[in-house]
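A.B. asks: Chains as they are written, first to last, in the numbering used here: chain A, 1 to 289; chain H, 290 to 483.
Just so you know, the hints here were simulated from the structure itself, not pulled from any lab data. Among these hints, one or two may not hold up.
Computed list of lysine to any residue pairs in SDA-like fashion (alpha-carbon distance at most 20 Å, straight line) [as the list claims (entries may be wrong)]: (1) H:466 / H:423; (2) H:465 / H:427; (3) A:232 / H:356; (4) A:221 / A:176; (5) H:466 / H:356; (6) H:466 / A:8; (7) A:221 / A:178; (8) H:466 / A:2; (9) A:221 / A:232; (10) A:145 / A:162; (11) H:465 / H:442; (12) H:465 / H:419; (13) A:80 / A:277; (14) H:466 / A:232; (15) A:232 / H:353; (16) H:465 / A:5; (17) A:80 / A:221; (18) H:465 / H:426; (19) H:466 / A:5; (20) H:465 / A:210; (21) A:80 / A:236; (22) A:80 / A:210; (23) H:465 / H:425; (24) H:465 / A:8; (25) H:466 / A:178; (26) H:465 / A:11; (27) H:465 / A:176.
None of the values given here were measured: they were computed from a predicted structure.
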Amino acid sequence: MDEMQLLRDFAGPAGLPGRDDLAGARARLLATATARPRRRHRRALWGWITAAGLAAAAAAVVVLTPSAPPAPRAETDPVKVLYQAAAAARARPDVEPRPDQFVYTRTLLADGRENEFWVSADGTHDGLEILFGHETEVAGCRDGKRVQKEGRGRTATSRCEPRPAAHPDLPTDADAMLAYLHRSTYGEGDTLHDLGNEVVDLAGGYLRPAARAALYEAVAKVPGLILRAGAKDATGRPVLGITWNSTTERGIGNQDEFLFDPVTFAYRGSGTTGAVLSQGIVDAVRQRP
Amino acid sequence: MSSPGEAGDDAEIIAASLRHPERFAALFDRHAAHIHRYLARRLGGQVADDLTGETFLIAFDRRDRYDPAFPGARPWLYGIATNLAGQRRRAEQREYRLRAALGPPSDHDSHADRVAERVSAQALTGPLAAALAGLAPRDRDVLLLIAWEGLAYDEVAAALAIPVGTVRSRLNRARKKVRAALAPAPAEEVSNHG
Numbered sequence: 001m002d003e004m005q006l007l008r009d010f011a012g013p014a015g016l017p018g019r020d021d022l023a024g025a026r027a028r029l030l031a032t033a034t035a036r037p038r039r040r041h042r043r044a045l046w047g048w049i050t051a052a053g054l055a056a057a058a059a060a061v062v063v064l065t066p067s068a069p070p071a072p073r074a075e076t077d078p079v080k081v082l083y084q085a086a087a088a089a090r091a092r093p094d095v096e097p098r099p100d101q102f103v104y105t106r107t108l109l110a111d112g113r114e115n116e117f118w119v120s121a122d123g124t125h126d127g128l129e130i131l132f133g134h135e136t137e138v139a140g141c142r143d144g145k146r147v148q149k150e151g152r153g154r155t156a157t158s159r160c161e162p163r164p165a166a167h168p169d170l171p172t173d174a175d176a177m178l179a180y181l182h183r184s185t186y187g188e189g190d191t192l193h194d195l196g197n198e199v200v201d202l203a204g205g206y207l208r209p210a211a212r213a214a215l216y217e218a219v220a221k222v223p224g225l226i227l228r229a230g231a232k233d234a235t236g237r238p239v240l241g242i243t244w245n246s247t248t249e250r251g252i253g254n255q256d257e258f259l260f261d262p263v264t265f266a267y268r269g270s271g272t273t274g275a276v277l278s279q280g281i282v283d284a285v286r287q288r289p
Numbered sequence: 290m291s292s293p294g295e296a297g298d299d300a301e302i303i304a305a306s307l308r309h310p311e312r313f314a315a316l317f318d319r320h321a322a323h324i325h326r327y328l329a330r331r332l333g334g335q336v337a338d339d340l341t342g343e344t345f346l347i348a349f350d351r352r353d354r355y356d357p358a359f360p361g362a363r364p365w366l367y368g369i370a371t372n373l374a375g376q377r378r379r380a381e382q383r384e385y386r387l388r389a390a391l392g393p394p395s396d397h398d399s400h401a402d403r404v405a406e407r408v409s410a411q412a413l414t415g416p417l418a419a420a421l422a423g424l425a426p427r428d429r430d431v432l433l434l435i436a437w438e439g440l441a442y443d444e445v446a447a448a449l450a451i452p453v454g455t456v457r458s459r460l461n462r463a464r465k466k467v468r469a470a471l472a473p474a475p476a477e478e479v480s481n482h483g
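Whole structure, please, built from the sequences with the hints as guidance.
C.D. replies: In structure tokens:
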């Protein structure tokens, strides 16, 4: 008995659906592709609060961008880099934006385009993205509802939970953080690959110092880390690139590379989502630090 | 600049779609039929209609993460579709029960009728459906991607982000269980052949 053949028989005819059967799904894809950027981008790129930012935290506009680094020194051990980054993170002052403020980030992609994000600190205020040249208002989540503008005067109302720019409740020790990363919070799955995506999202996000330190220490526990010293980010700044191979032979599982300042170990962005050019806390959308 | 993505491999299309999102439709045109067939086999046609669209919306969403070292994106899409199928376990079990009761859905393909006939004649669809439904989800994913979709081991590895060795071991485990479920019990053997 060949159970594989039986299985193939059980699958039924090998015919493919025709264009008409797929037209609806295609139209939906095109509408989305050409209209609004999807949710995931919103979680993409948050960065680093510096000590410099603290003094100005009470002011309307806080500049968060780290200052330019001096010449890099050589480092070869990815675990060591992560622990140094964790130590540096822990030493940072704990700055929290007010609930009604926004975390602003400007990023540069390797192909030269810039993106800008204003994300509501508590997730209830309307934010803004300028993504690949398209401006999109990102509706805040209020009373469990998000009323998103869809273009041509239409709106789409959906149930929601606020997604704050700051993650106030993340674990602050490495093991708890690793468990959190494995928990598939956004339904993304639990493979090492999923975990990597989550890490890059969080690392690019606004995290309190203890949570950020825990994130780096959690990553340090992942086997197969690779350090690329002497790498450059999209702006040409020298960076330490850290990634790992999530074990598929041909590499869809290869993780995005996330980038650290070689001297201050501040987070500098990631290989594909781009370099963080400027970041800060502002009082309103369209305001820049 | 020339306009990349109008032709070219999937990786080029995906790269071009970062700047020109509408180019992503070319990826749909290449692969949607296969993804739909796969989802329909697992979940039935109606659910497949929805999830095919969802697969491509998710892929579009994550296209900035696509590893350009892979010229072909179909394993990646199968991986996303498989994750979505994993969230519809009940629909999947129902589909298998339906197939067991009615035989695989036939279309105008005459081969299908022959196949349905044969499978029903062997009276194995019931046990087969039960065996499939009883597999560990991760084992079933591997088995179906190989048996139904004809993916190579390394493509399954790429689709599910697991090592090739794991693909092999999951496949072996799944096949063994299916074989065991289909093997006639000793008593039946006596009554059938004795």
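A.B. asks: Give a verdict on every hint.
C.D. replies: Structure-based check of all given hints:
Annotation: proposed proximity of residue 466 of chain H to residue 423 of chain H holds, straight-line Cα distance about 9 Å (limit 20 Å). Taken as a hint, the residue 465 of chain H and residue 427 of chain H pair is honoured in the structure, with Cα atoms around 15 Å apart against an allowance of 20 Å. Between residue 232 of chain A and residue 356 of chain H the alpha-carbon distance is near 19 Å, which keeps this suggested pair within the 20 Å criterion. Note on residue 221 of chain A and residue 176 of chain A: the hinted pairing holds, with a Cα-Cα distance of about 12 Å set against a maximum of 20 Å.
Under the criterion of a C-alpha separation no larger than 20 Å, the hint pairing residue 466 of chain H with residue 356 of chain H is inconsistent with the structure, at around 35 Å. In summary, the hint linking residue 466 of chain H to residue 8 of chain A is supported, as the alpha carbons are separated by about 16 Å, within the 20 Å threshold. Using a Cα cut-off of 20 Å, the hinted pair residue 221 of chain A and residue 178 of chain A holds, with the two alpha carbons roughly 8 Å apart. With a C-alpha separation of about 13 Å, the suggested pairing of residue 466 of chain H with residue 2 of chain A holds against the 20 Å cut-off.
Restraint check: the Cα-Cα separation between residue 221 of chain A and residue 232 of chain A comes to about 25 Å, which exceeds 20 Å; the hinted pair is violated. For the suggested pair residue 145 of chain A and residue 162 of chain A, the alpha carbons sit about 9 Å apart, so the restraint of at most 20 Å is met. Annotation: proposed proximity of residue 465 of chain H to residue 442 of chain H holds, straight-line Cα distance about 17 Å (limit 20 Å). Between residue 465 of chain H and residue 419 of chain H, the direct Cα distance comes to roughly 14 Å. Compliance with the 20 Å bound is thereby established for this hinted pair.
A C-alpha spacing of about 26 Å is found between residue 80 of chain A and residue 277 of chain A, which places the hinted pair above 20 Å, so the restraint is violated. Between residue 466 of chain H and residue 232 of chain A, the direct Cα distance comes to roughly 51 Å. Violation of the 20 Å bound is thereby established for this hinted pair. For the proposed pair residue 232 of chain A and residue 353 of chain H, the alpha carbon gap of about 19 Å is at most 20 Å, so the pair holds. Note on residue 465 of chain H and residue 5 of chain A: the hinted pairing holds, with a Cα-Cα distance of about 14 Å set against a maximum of 20 Å.
Restraint check for residue 80 of chain A and residue 221 of chain A: satisfied, since their Cα atoms lie roughly 11 Å apart, inside the 20 Å limit. Between residue 465 of chain H and residue 426 of chain H the alpha-carbon distance is near 15 Å, which keeps this suggested pair within the 20 Å criterion. A hinted pair counts as satisfied when its Cα atoms are at most 20 Å apart, and residue 466 of chain H with residue 5 of chain A qualifies at roughly 15 Å. Between residue 465 of chain H and residue 210 of chain A, the direct Cα distance comes to roughly 48 Å. Violation of the 20 Å bound is thereby established for this hinted pair.
Distance check on the hinted pair: residue 80 of chain A and residue 236 of chain A sit about 24 Å apart at the alpha-carbon level, beyond 20 Å; violated. The straight-line distance between the Cα atoms of residue 80 of chain A and residue 210 of chain A is roughly 18 Å, inside the 20 Å bound, and the hint therefore holds. Using a Cα cut-off of 20 Å, the hinted pair residue 465 of chain H and residue 425 of chain H holds, with the two alpha carbons roughly 12 Å apart. Pair hint residue 465 of chain H plus residue 8 of chain A holds up; C-alpha atoms about 16 Å apart against a cutoff of 20 Å.
A distance of roughly 33 Å separates the Cα atoms of residue 466 of chain H and residue 178 of chain A; the hinted pair therefore is violated under the 20 Å criterion. At roughly 19 Å between alpha-carbon atoms, residue 465 of chain H and residue 11 of chain A fall within 20 Å of each other, so this suggested pair holds. Straight-line distance between C-alpha atoms of residue 465 of chain H and residue 176 of chain A comes to about 38 Å, which puts the hinted pair past the 20 Å bound.
Violated hints, listed in ascending order, are 5, 9, 13, 14, 20, 21, 25 and 27; each of the other numbered hints is respected by the structure.
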